[in-house]
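Peer 1: Below, each chain spelled out in residue letters.
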Amino acid sequence: MLDKTGIAKRIAQELQDGWYVNLGIGIPTLVANYVPEGMSVEFQSENGILGMGPFPFEGEEDADLINAGKQTVTLKSGAAIFDSSMSFAMIRGKHIQLTVLGAMEVSQDGDIANWKVPGKMVKGMGGAMDLVASADNIIVAMMQTDKEGNSKLLPKCSLPLTGVKCVKKIVTNLAVMEIKDGAFHLLERAPGVSVEEIRRATAGLLVVPGEVPEMKL
Amino acid sequence: MLDKTGIAKRIAQELQDGWYVNLGIGIPTLVANYVPEGMSVEFQSENGILGMGPFPFEGEEDADLINAGKQTVTLKSGAAIFDSSMSFAMIRGKHIQLTVLGAMEVSQDGDIANWKVPGKMVKGMGGAMDLVASADNIIVAMMQTDKEGNSKLLPKCSLPLTGVKCVKKIVTNLAVMEIKDGAFHLLERAPGVSVEEIRRATAGLLVVPGEVPEMKL
Amino acid sequence: MNKVYPNAEEAIKGIVDGMTLMVGGFGLCGIPENSITALVRSGIKKLTCISNNAGVDDFGLGLLLQNRQIKKMISSYVGENEEFERQMLSGELEVDLIPQGSLAERCRAGGAGIPAFYTPAGYGTEIAEGKEVKVFDGKPHILESAMKADFAIVKAWKGDTLGNLVFKATARNFNEVMAMAGKITIAEVEELVEPGQLDPNYIHVPGIFVQRIFQGTHYEKRIEQKTLRPKPQ
Amino acid sequence: MNKVYPNAEEAIKGIVDGMTLMVGGFGLCGIPENSITALVRSGIKKLTCISNNAGVDDFGLGLLLQNRQIKKMISSYVGENEEFERQMLSGELEVDLIPQGSLAERCRAGGAGIPAFYTPAGYGTEIAEGKEVKVFDGKPHILESAMKADFAIVKAWKGDTLGNLVFKATARNFNEVMAMAGKITIAEVEELVEPGQLDPNYIHVPGIFVQRIFQGTHYEKRIEQKTLRPKPQ
Chain B
24 MLDKTGIAKR IAQELQDGWY VNLGIGIPTL VANYVPEGMS VEFQSENGIL
74 GMGPFPFEGE EDADLINAGK QTVTLKSGAA IFDSSMSFAM IRGKHIQLTV
124 LGAMEVSQDG DIANWKVPGK MVKGMGGAMD LVASADNIIV AMMQTDKEGN
174 SKLLPKCSLP LTGVKCVKKI VTNLAVMEIK DGAFHLLERA PGVSVEEIRR
224 ATAGLLVVPG EVPEMKL
Chain A
24 MLDKTGIAKR IAQELQDGWY VNLGIGIPTL VANYVPEGMS VEFQSENGIL
74 GMGPFPFEGE EDADLINAGK QTVTLKSGAA IFDSSMSFAM IRGKHIQLTV
124 LGAMEVSQDG DIANWKVPGK MVKGMGGAMD LVASADNIIV AMMQTDKEGN
174 SKLLPKCSLP LTGVKCVKKI VTNLAVMEIK DGAFHLLERA PGVSVEEIRR
224 ATAGLLVVPG EVPEMKL
Chain P
45 MNKVYPNAEE AIKGIVDGMT LMVGGFGLCG IPENSITALV RSGIKKLTCI
95 SNNAGVDDFG LGLLLQNRQI KKMISSYVGE NEEFERQMLS GELEVDLIPQ
145 GSLAERCRAG GAGIPAFYTP AGYGTEIAEG KEVKVFDGKP HILESAMKAD
195 FAIVKAWKGD TLGNLVFKAT ARNFNEVMAM AGKITIAEVE ELVEPGQLDP
245 NYIHVPGIFV QRIFQGTHYE KRIEQKTLRP KPQ
Chain V
45 MNKVYPNAEE AIKGIVDGMT LMVGGFGLCG IPENSITALV RSGIKKLTCI
95 SNNAGVDDFG LGLLLQNRQI KKMISSYVGE NEEFERQMLS GELEVDLIPQ
145 GSLAERCRAG GAGIPAFYTP AGYGTEIAEG KEVKVFDGKP HILESAMKAD
195 FAIVKAWKGD TLGNLVFKAT ARNFNEVMAM AGKITIAEVE ELVEPGQLDP
245 NYIHVPGIFV QRIFQGTHYE KRIEQKTLRP KPQ
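Protein chains in written order, with our numbering: chain B, 24 to 240; chain A, 24 to 240; chain P, 45 to 277; chain V, 45 to 277.
Simulated from the structure, these hints should not be mistaken for lab results. Hints may be right or wrong, so weigh each one.
EDC-like, lysine to aspartate or glutamate: derived pairs with alpha carbons at most 16 angstroms apart [as the list claims (entries may be wrong)]:
(1) B:Lys99 <-> B:Glu84
(2) A:Lys99 <-> P:Glu238
(3) B:Lys188 <-> B:Asp204
(4) V:Lys270 <-> A:Asp85
(5) A:Lys179 <-> A:Asp204
(6) B:Lys146 <-> P:Asp101
(7) B:Lys146 <-> P:Glu126
Using the sequences provided together with the hints, build the complete structure.
Peer 2: Listed below in C-alpha cells is the structure:
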C-alpha cells in the first residue's frame, strides 16, 4: 500500500520532458519533489506563475510571491508571471500537458466530485472546474477509500460534480487505474496489494486484465 | 466653407480635458494638431498606443513605432504600449471618450458607410466596425458632397454599412449637425455658408431650428 | 485632468450603500489594504464584493465582514475565514461561487465590451444550471456573462499620475482584469511616480482604465502560509 | 526539451501545402521576416494566411502572394498591394475581411479555449450575415468564433530559450494573441537570450505558448510611411 509520498512518486513517473504541469493542493503538490533526474518540467500555478520553484529559505520569503495554495514560493530561472485571465487562458486553451488534483469521488464514467459536501461549509471550487473541464490529461491522486473504508471509486458520484467525463487516470494508495468505456481498468497494483483488495475497495465497475503487474517505484 | 483643416479645428473644440480619443485616418488625424491650450487629451492608436505623440524628427523615426495608419510616430511621456486584443478591449469596452472618423455616407438614422464600394477594390474595414459599434460618442468628419456635388448625407445609405445607428454628430465643410429622431439637426453653419446651401447639400431629412449660428473657429 | 488623490479616504468617495465593488488580490496577496481600511471606517453597508477570496478573519475583506458591511460575496474560494462561515451558514451573507477562470474571464469581458462568452468550465455541474449550453467541436460549453462593478479597487506596485500600473510578481493576479471592469477604478500603489518613469513597453494596466490613484501607506502585506525549505548546512 | 532552432528553414519544417498559418505584424511592423523568406524558398502552396494585413508588393506577405503560395487571406485591411488586388479581382485569391478587433479577439479566444463570444462589431452589416444575434442590455451583438492555426509565426524583440517573449513598441500588435493560438508557434527573435535574462514580471508571451524559437538575422524593418515633422531651427 502506498502513502501520500508513494502516490506522488508514482504520478511523477507519468511526467514527460518539456511538459507544463498544474498541481493541485495536497498530494499533487508533492509530485514536484520527484521529477525524474534530467527531465525539464515547468509547474504552473493558476494565480499567475509559470516556472514555479521550491519553497524559499527562511528570510527569502516574499508576500508578493505565492502559489495557488497561498504558500510562499520562489521562481525558477526563466519563470514568467501573468494575470489571472492569462493563467486560465493557458488552462482552458489546453496548453498545460498534465493536471494532477485530488478528489472526494470519481465515477466509472470519469466524473469527478471534489468541491462540495452538502450540509458542510462550502469553500468554493477555486480553479478546479476550469482545470477539469479543459485538461485532456488529468490524473486524480487520492486515497481509494474514506476513513470508514467506503470506496470513493463509484458507479456514479453522490456528491455535487466538479466536472463530467474528464478523469482518465487515477493513482490511489492501492492501484493505478485508467477510466474508459464506463469502467475502471486496473493497470498496476501498489506494492503488496492484491487484486482482491483493490476489487473490495472499488464500488464502480472494475475491469481486471489477466495479469496485473505490481508498480515499480 | 471649411477646408479639411477647418473641419479638424472645429472638431477639436469638442475635446474635453482628460479624454481618451481615437482619430481615424485622413481629416480626423489633423484634429491632434488643434488640442486647446492647457487641455490634456490622450490619443489612442488601435495598433497599440495610448499617449501617441507627434511625428518624429528626421533620424528619430523607428520602424517598430508606428500608428494605425502605418506612419512613424513618437510616444508622449507616460505613454503605454499594448497588444491588439487589449487595444480593442479599450475600444469595445467604451473606455475611449471620443472617436473621430471619416465616412463615404451617413444616413439620417446614424448609419455609416465608409469601407466598401461594390465593384471597386475593397481594402477592408480595419478597426472601423469595432469603433463605430462600440463608441458612445462618434463624430464623423467629412465633405458634405462628393465631387459631382451629390449629398453624402442620405435618407438611407446606398453603400454597404460599417455600422448602424451609431453616428451622433457630423462636422462637414458646410455645417455641424446632430443626428437624432431620424433626422439631421443643423447646429452651426460654416463661415459664409447659408442654410439654403446646407439644405441643398443634404439629401436626408434636415431639421433647421429658427436661428442657426455661424461657427466660431 | 487630475487622477491623483491624497489618500484612501478621498479616493473612495462616491462609494455608497448597496454598490457592487470588485476588489483585487488572491488570498491576502496584492489586496488594496488602504482602501479596505477606509471602507471599514466609512461604514458603507450592503456591499456586493466581487473578489477571488474573502480575506481572513482579521485582515483583507474579512475586516468588512466582521463589520457586517458585505451583503453578498462573489468569489471562487472563501476558506480560511470563520466569520465568513458563520454569516454564510446563518443566512446573513449571500455567497455566489464561480469557477476561478470564469471569474477572471468575466471581469475581463466586462472591461473589454464582450457581453458573454462560452466556456467548458462548469458544464454538467450545478454552476451550469439555467445557463445556455452550446456544443463546439463535440464538447458542450456554457454561456457566461460579463461582470462589471460600480467601483473596482486594485493594488499595484508602481503607478504614474496618468494611472498606468505595474504589479510585482503574483500580486498581479485579479488586479489587472478588475481594473478594466470598474465603472470607476481606484488604484492604490506602493510608489506613485511621474509620467515617463514607467517603461511604456511594460505597463500592465494602461492608465485609460484607472480614474483615481493614490499612494498607499503602511503596507502590512501579511503572509497567509509561510512555507520554507530548510537551509542547506 | 529543446525549443531552439538554428534558423528559419529548420523552424518551419512541418508546414505543408494547404495549412492555415497565423502571421504576426501590423503593416510591415513586427512581421516575421526570416520565416516569410523561408516560406518563399520552401515553395509551400495553398496556404490560408490569417494576418491583419497582407504586406506590400515586394515585402512581407506580399512575397508569398507574388509567388502564388497563398490561397486565402483572412485580414482586416489589405491595401497597399497591387498583386493582391490583381489576384483578388481575378478570383485567384480568396479574401475574408474581418473587423480588426474581432480578428484580435478571435485569435485570443482560440488560444484561451473560448470557442465563441459576442461582440457588437459588425452588427447590421454584411459581416453579420449568417451569424447568431443576441441582445444584451438593449444592444444587438453577434456571435464570433475562435480562430486557431496549424502554425502561428510571430516576431519578437527578445526571447529566451524557454520561449518567453518580449516585444518592442508597436511591433507587439497581433504577435501576442497569435502566439497563443498556434497549434505550433514559431517565434523568431532579434535577440535570443538564456533563461533568467528576461524579467519574469514583464514577459509579454509566456514560453508555454511557444514551441519553436530562433534568432533571426538581417532584419530590414522596412518603414511603410515615413512621416516626419520639421526640425526646429
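Peer 1: Run every hint past the structure and note whether it holds.
Peer 2: We went through each hint and held it up to the structure:
Restraint check: the Cα-Cα separation between lysine 99 of chain B and glutamate 84 of chain B comes to about 14 angstroms, which is no more than 16 angstroms; the hinted pair holds. Among the hinted pairs, lysine 99 of chain A with glutamate 238 of chain P is consistent with the structure: their alpha-carbon atoms are about 13 angstroms apart, no more than 16 angstroms. Taking the CA atoms of lysine 188 of chain B and aspartate 204 of chain B, the gap is about 11 angstroms. The hint holds against a cut of 16 angstroms. Restraint check for lysine 270 of chain V and aspartate 85 of chain A: the C-alpha separation of about 9 angstroms stays at or below 16 angstroms, so the hint holds.
Using a Cα cut-off of 16 angstroms, the hinted pair lysine 179 of chain A and aspartate 204 of chain A holds, with the two alpha carbons roughly 14 angstroms apart. A distance of roughly 14 angstroms separates the Cα atoms of lysine 146 of chain B and aspartate 101 of chain P; the hinted pair therefore holds under the 16 angstroms criterion. Proposed proximity of lysine 146 of chain B and glutamate 126 of chain P is supported: the alpha carbons are some 11 angstroms apart, at most 16 angstroms.
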